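Colleague: Sequence:
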Amino acid sequence: MGDSCFRTIARSAMLCFGRLPLCLLTLAAAAQAFPSLSLLSKRSDGGQSPVTIPLTVDASGKYAVKVNISSGPETQHFGLAISTGTGYTMVAGSECDSCDGVPTYNPSQSTSAKAMAGLASVGILNNTVDGSGYKEDCGMQTSSGGVWKYPNQTIVVANGSEPVFTNGLSGILGLGTNSVQGNFSDTIFGAYMSQDASDSSFQYGMALNAPDNSTSDGGVLHLLSPDSSAYTGNVSWKGVQQAASSNGTGLSSDWIVDLDGWTFAGGSGSITNNQGGACTVDPYYPNVYLPLNLATQIYGSISGASQFSDPTTNAIAWTMPCDTKMTFTAVFGTESFSVDESILVINQGTRCVGAVEGWSDSSFTGYLFGARFLSEVYLCVTPSMYISLH
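Residue numbers -33 to -1, 1 to 357, in mature numbering (1 follows the signal peptide of the UniProt record, and there is no 0), belong to the letters of the sequence shown in order.
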């Protein structure tokens, strides 16, 4: 199946949400003509057992996996932050003279590295990464101590320093579909399915632990299929928007959906918003991000709240009394998902800050739900290779 088919598949998607013991958000990418609900049906071969990948979380709230690149005795080891906003895998290259403090990848030390032509720069999250493209044999370390191998993976080797090269992390492991830029075939899912023509499905589940400075245990990824013991219940489908429809929202992601509304309770009262807007979910970002006027409205109801700039995310944040009680509830379709002050009030020792922030650019209209919100739900993604021919 050619690249054009992959691109068509990646640009059409569905999102569904369900009420669960561990609440479920499910993302599914498929060709437009394929019946959407069947994407969640059990496969006729009984499906695949999930491969469990442990996640770490650092002090900045970045969730990461341990990835091996290249095969054989020359294997190189990296910590890569996960993101649903792109399908590319990016790693700092050995020729990057400003990537001090993180392990770097050297293709000349790998017998499995194959240089790619024409891949000079790619957009990853809100940055443009300049570098070279390679096909490589990769593997993720599993919770059982083994390695889940995925050969012939596209990686972008960066030759300049980027904000992701911090706290020992060497880059990004993309868990998106490349619908914003690139080919589905360059994603982990596309590469996996192209290696096995008999397997036209790849799913993954994500169960994040809430960030906690006392532990680096970030939760787990379930590759190949979600862990069926992690969720039960009904689901509510939402259509994933085309990338062009996110213009003006401030969002750059492979997964853009309609948020149907939200409520906030705390401080001097409650706020209800029935309009919602374009929304994405991405564990690469730590907090919940709203249009600036709406975040300002929320903190206007909290006595003692004070505004400051968050330079790490180009957002506006607020300090508040540490005993503040609050609940933020997001509505997707027929389901509601709530987080309270245990997630939304962050004690930094000398002060407490809110996990709800507003975009610095007041023209941005989009919503982004990051790791703190996602730690209260189970996220299930189905990037599918199915197409329908009539």
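No lab work stands behind these hints: they were computed from the structure. Careful, some of the hints might be misleading.
[As the list claims (entries may be wrong)] 20 Å max Cα-Cα, derived SDA-like pairs, lysine to any residue:
hint	residue 1	residue 2
1	33	80
2	292	319
3	33	186
4	81	40
5	102	112
6	102	79
7	292	315
8	292	305
9	81	35
10	292	328
11	81	110
12	33	83
13	33	61
14	33	195
15	33	84
16	102	186
17	292	242
18	292	332
19	102	116
20	33	110
21	33	46
[Claimed, not checked] Distance ranges between label pairs, derived from CB positions:
hint	residue 1	residue 2	range
22	315	110	57 to 65 Å
23	307	65	27 to 35 Å
24	278	228	28 to 36 Å
25	241	95	12 to 20 Å
Please read all numbers here as calculations on a predicted model, not as lab measurements. By construction, the Cβ of each residue, glycine as well, lies at the ideal position given by its N, Cα and C atoms.
Colleague: If a hint holds in the structure, say so; if it does not, say that too.
Modeller: The hints, checked one at a time:
Between residue 33 and residue 80 the alpha-carbon distance is near 19 Å, which keeps this suggested pair within the 20 Å criterion. Distance hint between residue 292 and residue 319 is fulfilled; the C-alpha atoms sit about 12 Å from each other, no more than 20 Å. Distance restraint check for residue 33 and residue 186: the Cα-Cα separation of roughly 13 Å lies within the 20 Å cut-off, and the hinted pair is therefore satisfied. The suggested pairing of residue 81 with residue 40 holds, with an alpha-carbon distance near 17 Å, which does not exceed 20 Å.
Between residue 102 and residue 112 the CA atoms are separated by roughly 25 Å; this puts the pair beyond 20 Å, and the hint is violated. About 8 Å separates the Cα atoms of residue 102 and residue 79, which keeps this hinted pair within 20 Å; it holds. About 17 Å separates the Cα atoms of residue 292 and residue 315, which keeps this hinted pair within 20 Å; it holds. As the CA atoms of residue 292 and residue 305 are separated by approximately 13 Å, the hinted pair is consistent with the 20 Å bound.
For the hint pairing residue 81 with residue 35, the CA-to-CA distance comes to about 16 Å; that is within 20 Å, so the pair holds. Of the pairs offered as hints, the one joining residue 292 and residue 328 is violated, with about 28 Å between alpha carbons and a cut-off of 20 Å exceeded. Distance restraint check for residue 81 and residue 110: the Cα-Cα separation of roughly 29 Å exceeds the 20 Å cut-off, and the hinted pair is therefore not satisfied. Under the criterion of a C-alpha separation no larger than 20 Å, the hint pairing residue 33 with residue 83 is inconsistent with the structure, at around 24 Å.
The suggested pairing of residue 33 with residue 61 holds, with an alpha-carbon distance near 18 Å, which does not exceed 20 Å. Restraint check for residue 33 and residue 195: the C-alpha separation of about 24 Å exceeds 20 Å, so the hint is violated. Note on residue 33 and residue 84: the hinted pairing is violated, with a Cα-Cα distance of about 27 Å set against a maximum of 20 Å. With a C-alpha separation of about 29 Å, the suggested pairing of residue 102 with residue 186 is violated against the 20 Å cut-off.
Of the pairs offered as hints, the one joining residue 292 and residue 242 is violated, with about 25 Å between alpha carbons and a cut-off of 20 Å exceeded. With a CA separation close to 26 Å, the supplied pair residue 292 and residue 332 exceeds the 20 Å bound. Only pairs whose Cα atoms come within 20 Å are accepted, and residue 102 paired with residue 116 is accepted, the gap being roughly 14 Å. With a C-alpha separation of about 11 Å, the suggested pairing of residue 33 with residue 110 holds against the 20 Å cut-off.
About 5 Å separates the Cα atoms of residue 33 and residue 46, which keeps this hinted pair within 20 Å; it holds. Hint check: residue 315 to residue 110, Cβ distance near 31 Å, so the stated range 57 to 65 Å is violated. For residue 307 and residue 65, the Cβ-Cβ distance of about 41 Å falls outside the hinted range of 27 to 35 Å, so the restraint is violated. At about 31 Å, the CB distance of residue 278 to residue 228 agrees with the hint of 28 to 36 Å.
The beta-carbon spacing between residue 241 and residue 95, approximately 37 Å, falls outside the hinted interval of 12 to 20 Å.
The structure shown violates the earlier hints numbered 5, 10, 11, 12, 14, 15, 16, 17, 18, 22, 23 and 25.
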